[in-house]
Every structure is written in structure tokens, then in C-alpha cells.
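Peer 1: Spelled out, the chains give:
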Amino acid sequence: MTYEQLLTIAALAEDKYIVMTAENRALVRNIPQALGNRFIDTGITEQTMIGAAAGLALRGRVPVVHALTSFLTMRAFEFIRTDIGIPALPVKLSGFIPGFLSDGNGPTHQALEDISLMRGIPNMEVYAPADEDDLIKMLPYIWSTPRPAYVRINTRTTPYVHADYEPGKAEIISTGSDVTILAYGLMFEQSLQAATYLAQEGKSVGLINLRSLKPFDEQALLQATANSKLIVTVEDHFLTGGLYSIVAETLLKHKTTADVLPFALNEKWFKPALLPALMKHEGFTGKQIAEKILGYQLQDEHQEIKLAAFAE
Amino acid sequence: MTPFFTPEYKHLEDIALKVRSHIIKMATNGGCFIGASLSAVDILVYLYADYLDLHHGNLNDPDRDYLFLSKGHDVPALYGTFVEMGLLEHHRLGNHLSVDDHIYWHPNTNIEGVEFHSGSLGHLPSIAIGVAIDIKIRGGKNRVFCVLGDGELNEGTCWEAALVANAYKLDNLIFVVDRNQFQANMATEDLIPLEPLKEKFESFGASVKRIDGHDFAQIDEAFCAIPFEEGKFQVIIADTVRGKGLPSIERRADRWFCNFTPDEVEQLLQELYGEPQAFLTSNTLVVR
Numbered sequence: 025m026t027y028e029q030l031l032t033i034a035a036l037a038e039d040k041y042i043v044m045t046a047e048n049r050a051l052v053r054n055i056p057q058a059l060g061n062r063f064i065d066t067g068i069t070e071q072t073m074i075g076a077a078a079g080l081a082l083r084g085r086v087p088v089v090h091a092l093t094s095f096l097t098m099r100a101f102e103f104i105r106t107d108i109g110i111p112a113l114p115v116k117l118s119g120f121i122p123g124f125l126s127d128g129n130g131p132t133h134q135a136l137e138d139i140s141l142m143r144g145i146p147n148m149e150v151y152a153p154a155d156e157d158d159l160i161k162m163l164p165y166i167w168s169t170p171r172p173a174y175v176r177i178n179t180r181t182t183p184y185v186h187a188d189y190e191p192g193k194a195e196i197i198s199t200g201s202d203v204t205i206l207a208y209g210l211m212f213e214q215s216l217q218a219a220t221y222l223a224q225e226g227k228s229v230g231l232i233n234l235r236s237l238k239p240f241d242e243q244a245l246l247q248a249t250a251n252s253k254l255i256v257t258v259e260d261h262f263l264t265g266g267l268y269s270i271v272a273e274t275l276l277k278h279k280t281t282a283d284v285l286p287f288a289l290n291e292k293w294f295k296p297a298l299l300p301a302l303m304k305h306e307g308f309t310g311k312q313i314a315e316k317i318l319g320y321q322l323q324d325e326h327q328e329i330k331l332a333a334f335a336e
Numbered sequence: 017m018t019p020f021f022t023p024e025y026k027h028l029e030d031i032a033l034k035v036r037s038h039i040i041k042m043a044t045n046g047g048c049f050i051g052a053s054l055s056a057v058d059i060l061v062y063l064y065a066d067y068l069d070l071h072h073g074n075l076n077d078p079d080r081d082y083l084f085l086s087k088g089h090d091v092p093a094l095y096g097t098f099v100e101m102g103l104l105e106h107h108r109l110g111n112h113l114s115v116d117d118h119i120y121w122h123p124n125t126n127i128e129g130v131e132f133h134s135g136s137l138g139h140l141p142s143i144a145i146g147v148a149i150d151i152k153i154r155g156g157k158n159r160v161f162c163v164l165g166d167g168e169l170n171e172g173t174c175w176e177a178a179l180v181a182n183a184y185k186l187d188n189l190i191f192v193v194d195r196n197q198f199q200a201n202m203a204t205e206d207l208i209p210l211e212p213l214k215e216k217f218e219s220f221g222a223s224v225k226r227i228d229g230h231d232f233a234q235i236d237e238a239f240c241a242i243p244f245e246e247g248k249f250q251v252i253i254a255d256t257v258r259g260k261g262l263p264s265i266e267r268r269a270d271r272w273f274c275n276f277t278p279d280e281v282e283q284l285l286q287e288l289y290g291e292p293q294a295f296l297t298s299n300t301l302v303v304r
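In order, the protein sequence lines correspond to chains A and B. Quick note, in this note's numbering, the first sequence goes up one by one and the last residue is 336. Quick note, in this note's numbering, the second sequence goes up one by one and the last residue is 304.
These are calculated hints, taken from the structure and not from any lab test. The structure presented is a predicted model; accordingly, all values stated were derived computationally and were not measured. Misleading hints may appear alongside valid ones.
Unchecked claim - Cut-off 20 Å, straight-line C-alpha distance, at most; resulting in silico cross-link-like pairs (EDC-like, lysine to aspartate or glutamate):
1) B:185 / B:236
2) A:330 / A:47
3) A:40 / B:187
4) B:225 / B:187
5) B:152 / A:38
6) B:185 / A:47
7) B:152 / A:39
8) A:40 / B:245
Claimed, not checked - Examples of chain B residues toward chain A, derived with CB under 7 Å:
9) 143
10) 145
11) 146
Said to hold, decoys possible - For the chain A half of the interface with chain B, some residues (derived, Cβ under 7 Å), not all of them:
12) 54
13) 58
14) 61
15) 66
16) 83
17) 250
Cβ coordinates follow ideal geometry from the N, Cα and C atoms, glycine included.
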């Protein structure tokens, strides 16, 4: 099942769904034929698309809107905050090529503050599926609620088969006493590899696929900090405002602390290149993550990273 | 002030005068955007009192007409009109800027009859587009009106919306521009010139009428001509006067947001009813 197939099935089953795009059709190429006038392409107008989505929601519709994440969450930020956030309208935001997935586009297209921006809007929920399987398991719930939601779309396939989605809950892949890695979205796959390397080196490793950044599974974090000597956060997002910040806020709220090693982009954009090359350059491969945690080099070769499927 | 006391529109003139008095009374104890409220009065009174299929009994009916007030700072004109239409209890205007009610400087949906909150300019054209498209999808006959300020047209999203309205042939969508010639602190033509405005909208694919926004006969004629042309979104440019009804503040750049003393409010009310001009000493321009 692909994103497009799931969306087509959902929209054909219930005519409350309207599929919109600001001329970003990569994920919805065949939807116009399937939905007819319930597919609306407003052209390269992210702000107008969001406003129109709010208008459609006033009429009882649930618009699922598509744009490149950088333009959706930043160009249209005030429209999302003002026209969807304030009235808490059920508009579902699908942000395409977030984080490292913009690979060769350059900093104009690098959405590295989307989690920070979207979670700062009252009423907005924020989701970041680990891969296509995770995405397909999470979306039916996300689209079914009467609340606004932002989804950091990730349609890449991995061999991992995820558990069914439980609203508000992170997916606990493993628990461990030495280190627990918290990851979301694209970085789940590399974190899974890092956990494998660490286990090979004799470490007791926990791994958590967060799935939802808002609401955030506080208990999963608190259990990890209680059980593990080290917490590692891995995200293709700026250090400020994303998972590392959420962890800090959550620990402070519960009057506790932890040793935390963050993998994030600290006051910088990443080097534009094809995805495998840029991830190595920035030090975000599974092997590199494991090496930094261990404090020494591994003899293994890097595992292959698939090219990004789309170049927009 | 040149009132148009034609018998046919006497009832509208009477309502508009009362709405203007409500606005003046809100321009104290914190103040309000009085100039832009007074310019929009006649359009709003006409729409709510005589034209729109929108009244107390059908506010949630999906087949009603929609009015989106995008230039939200003229909300005293809207609420004053609501009072005269029986949509809002008169005494609530006295709750202006009180934490005990929802009457503040911009409209919000806590007030029955407000379709959508505004205040950030250039937003409601796109909201109106979403509603207009949905009405089209469902085969409805109702219309969607969006009242814009002329200064608001500086915002690029107004023109983005015009592109999309044209693309989707939204002939159930009508932008009404309150062309009072001023933006916040300056005459529009001295800062960001808009003219030729009719031609600008026409070049975006709109069918446009330009009228005197204080002449009920012209207003009536224009709105009764809707739809102007099949397949085209419509724009009514209503030429108005900022501060209309109060010669002492009309067309003055420094009478935008005003916070008058109670004594000045009394004088302005007398001025509204034809007495000599008020003697205003308040330093009334507050940049917001």
C-alpha cells in the first residue's frame, strides 16, 4: 500500500475528504482522475491553499493538503497558525521532502524547523512516521480525527515491520540499560542500524520510534531515562525546537535529568548532495551514530543508503 | 456629508445613522479604528439589512449567503450593524475591550454571525475561495462575499486569491473593496498606489463594477446585477470616504485609530446629526 493508494481509498470511501496541493503532485499523481472536483490544485500558492482549506473545513470537509514542507510550514506559517490553528479546523497537512529528504535542493528547500514551528501552534498535532509502513499504519488515525495535524511525510521503504499505531504512544522497538536511542522519521532506519552495531559491541541498547512528536509519549522517555545511562536523540532537524528540545522540556517538567547526546543540525543547514552522500558528510549514518556513542571507530563498512525516490 | 435621502432607501439611511452612532460610542475608553469603520457602514448595512440571505434564523444553514469581513479592523461597523439587525444585544457594545465579553478590535466567531475571525490582512479572500469552491462542488446557489480594505490590497495573498478565483471560475464569489483611499497612516496613492484598480482586477479575470459606496441606489444596482458575467469572479469597488459622516475626521490621515474623551464623543454624536463640528483635542492617532 502506498500513500497515494491509501489516500485514494480514504477519499473514495468518505466524501468529506478533499485532496489539495500547491502544485506538488508527486504524492497525488493519480488522484485527479479518481476524485474529480474533490481534487483541488491551487497552483504555487501555499498561503491561498491553506486559507481555502480552512474555508472547505468550515463547510464540513477534511482537506488533506500537500506541498513541499519548507514552503508549507514556512511560507504559509501564518495562514496555518491563524486560519487552521486558531479555529482548530480539521485540516491535515502533508509535508513533502522534509529534513534530509530534500537532498540536493539546497537550503531553500531544507525544512529543518518544521517540527519546531508546527508544535508551537496550539491545537496542532505533529507526526513523523519512520517509513512507508509506519506512515500507512498511522495515517488512517491521523486523518480520522477532528483536529488539525501536520505529518512529516516519509514514503521510503525499510525492511522493518512496525507495530500497529496506538494514538499518543511511541513504538518501543527495544529496551536497554546502556543507551536508549530516540528517533523519528527518516532517522529511524539509521538509528536501527546504530542500535544493531551497538549490540554487536556488547551494549544493552534501547530504541524508540517516536511516531508522534505532539502529543509526545512522556512515559516512554521517562522509562528510558530511568532504565538507560545515556539518552541519544537523532533527528534531521535543527537542534533547537525539535526532539532535543522536547526531551529537555519533558525532563524539566518532571523534575528529572539525564545524560543526553543529540544528533541534530546545530546552527547550520546541511550540505546539499544526494541523500547517501550528505548523510555521511553530516555524520548521520547508522555506523557514524554508533561510533560517536561508542567513542571509537568500527571496522564495518557503511550500510547502503538508498537514493531519495523523488527530486523536486 | 452628502446624505442620499431618497425615499426608497430611507430605512437604510436610518439604520446607517444608528450604526455610525454605535461606532462613535466605541471610539472611547480604549478606542477603535473609527475611520475605516465609518467608511464601510453603508455597504455592511445594505448587505445585512436588504441583500444577503443571512439572518438570525439561518446562521448555520449551509445554503445561506456568506459574508467574510477581511478588513477586520472595521469591526465596530459590523457589530453596530448586528445590533440593528437583532443579531447582537445592544448592551454588549458597552463591553468593548472588557474581559467579560468578546468585543475587541477585530472580529471573532465568539460573536454570533461572524463567519470567521480576521485581523491579519489578506487572509479571508482565500477562506472565501474554499467556501465558494465547496458550494460549487455541492451545486449550491448561495454566494460568498468578502469585504476587503484598499490598503489590504498591498498583501500579495489578495492577488494570489484573485488568480485562483479566476482559475476556478468562481462566479459565486464577490470581493467588495472599501476604497476609502487610505491605509493606516497615509493615502494609498501616496504610499503604494492602487490605481487603476478596476483595470487591475479586470486583468486578473474579474468582472468589476465601481460605485459610490455611500449611495444606496448605486450599491443596490450593483449588487442586484450579480452575477455580472457567468464564469467570472466579481469585484465591487466601493468608493468611500474614511471617517464618513463626521466632517471633523473625514479624509484625515491622523484620524485612523481614535480614542476620544467622553466629551468629544458627545460632540461627535451631535456632529453626526448635523450640529457644528466637534472640537477635538485628543491626540488620537495611535499607531497599531
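Peer 1: Let me make sure I understand: some of the numbered hints might not hold for this structure. Which ones are they, in numerical order?
Peer 2: Checked against the structure, the hints that fail are numbers 1, 2, 3, 8, 12, 13 and 17, while the rest are satisfied.
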